[in-house]
Amino acid sequence: MTHPNLDVETDGPVRTITLDHPEKRNAQTPSLWAALADEARGVPEDVRVVVLRGAGDAFSAGIDTAMFTAEGVPGEESVAQLAAGGAEAIQRGIATYQEGFTAWAECPAVVIAQVHGYAIGAGFQLALAADLRVAALDAWFAMRETSLGLVPDLAGTGPLVHLVGYARALEICATGRKVSAPEAHSIGLVGSLAPAADLDEATGSLVEALLAAPDPALRALKPLLRGAVAGDREAQLAREREAQTGLLQAMLGGSGA
Numbered sequence: 001m002t003h004p005n006l007d008v009e010t011d012g013p014v015r016t017i018t019l020d021h022p023e024k025r026n027a028q029t030p031s032l033w034a035a036l037a038d039e040a041r042g043v044p045e046d047v048r049v050v051v052l053r054g055a056g057d058a059f060s061a062g063i064d065t066a067m068f069t070a071e072g073v074p075g076e077e078s079v080a081q082l083a084a085g086g087a088e089a090i091q092r093g094i095a096t097y098q099e100g101f102t103a104w105a106e107c108p109a110v111v112i113a114q115v116h117g118y119a120i121g122a123g124f125q126l127a128l129a130a131d132l133r134v135a136a137l138d139a140w141f142a143m144r145e146t147s148l149g150l151v152p153d154l155a156g157t158g159p160l161v162h163l164v165g166y167a168r169a170l171e172i173c174a175t176g177r178k179v180s181a182p183e184a185h186s187i188g189l190v191g192s193l194a195p196a197a198d199l200d201e202a203t204g205s206l207v208e209a210l211l212a213a214p215d216p217a218l219r220a221l222k223p224l225l226r227g228a229v230a231g232d233r234e235a236q237l238a239r240e241r242e243a244q245t246g247l248l249q250a251m252l253g254g255s256g257a
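Take the sequence shown: its letter number 193 is residue 193 in our numbering, and every next letter is one higher.
You may find that some hints are simply not true.
Said to hold, decoys possible - Estimated spans, in silico, between C-beta atoms of each pair: (1) Pro214 <-> Glu9: 23 to 29 Å; (2) Ala235 <-> Val8: 29 to 35 Å; (3) Ala235 <-> Ala34: 20 to 26 Å.
Treat the hints as calculated values from the structure; they're not laboratory data.
In this text the structure is predicted, and so the values were computed from the model without any measurement.
Positions of the beta carbon are idealized from the N, C-alpha and C atoms, including for glycine.
Make a model of the complete structure from these sequences and hints.
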């Protein structure tokens with residue numbers, strides 16, 4: 001079943017998946033990541049393009065920060081609960097979370113992130129999980145994990161470095177600063193820009209261009225090019241988990257086994 005904060009619509013060869021929790025600016029939780037992984041793995045064979053977008057005034061504000069509080073988010077695993085099981089449990093948990101992002105690389109369809117407003121932290125990393133990004137001129141991106149004493153750990157570090165280079169990726173992540181849509185376009189993070197009012201039209205034009213390509217060639221092209229830049233993805237994912245494990249344990253006083 002679709003997650004209550006996801007809306008899924010299919011129109012012929014195009015599937016649109018909308019993060020649909022606008023009152024919380026599409027903040028993300030573990031159950032949402034599990035649902036995103038299921039959606040990526042369950043895309044029908046006749047769907048050739050998937051569009052990821054956000055409802056309301058933002059693509060996604062990132063992780064629901066209530067997960068860092070004692071109360072947590074009802075029905076969701078809190079950060080304290082994750083850390084309580086010790087290092088191995090933290091890494092297993094993060095590995096599961098990462099699947100909501102990595103599964104899009106394995107999806108046969110071409111995945112487009114349509115970004116408006118802002119994409120912060122997990123929102124930024126979800127945009128990075130897509131194959132292509134289209135942004136409104138008012139969009140901006142930020143990695144705010146370091147302000148919490150953490151690192152990005154949802155599979156975003158590898159794609160970010162490949163797109164913008166090591167030095168710029170380090171600066172963006174370490175400072176947590178806003179990257180405007182025009183800057184994102186100039187550094188290769190975003191493929192195309194459009195005024196906010198024209199974002200759907202710009203995304204539609206890209207979808208049409210992709211659908212104009214012969215289906216077998218497009219399906220063969222995605223894994224071919226992904227393989228050329230992926231490097232050792234599993235090792236990078238493990239590095240994300242290991243770095244975050246130590247930081248989480250330190251943050252919570254070394255709780256757990």
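Quick rundown of the hints versus the structure:
For the hinted restraint 23 to 29 Å between proline 214 and glutamate 9, the CB-CB distance of approximately 25 Å keeps it satisfied. Under the hint 29 to 35 Å, the C-beta atoms of alanine 235 and valine 8, about 33 Å apart, fit the expected range. Between alanine 235 and alanine 34 the beta carbons are some 24 Å apart, a value that agrees with the proposed interval 20 to 26 Å.
Checked against the numbered hints above, the structure violates none of them.
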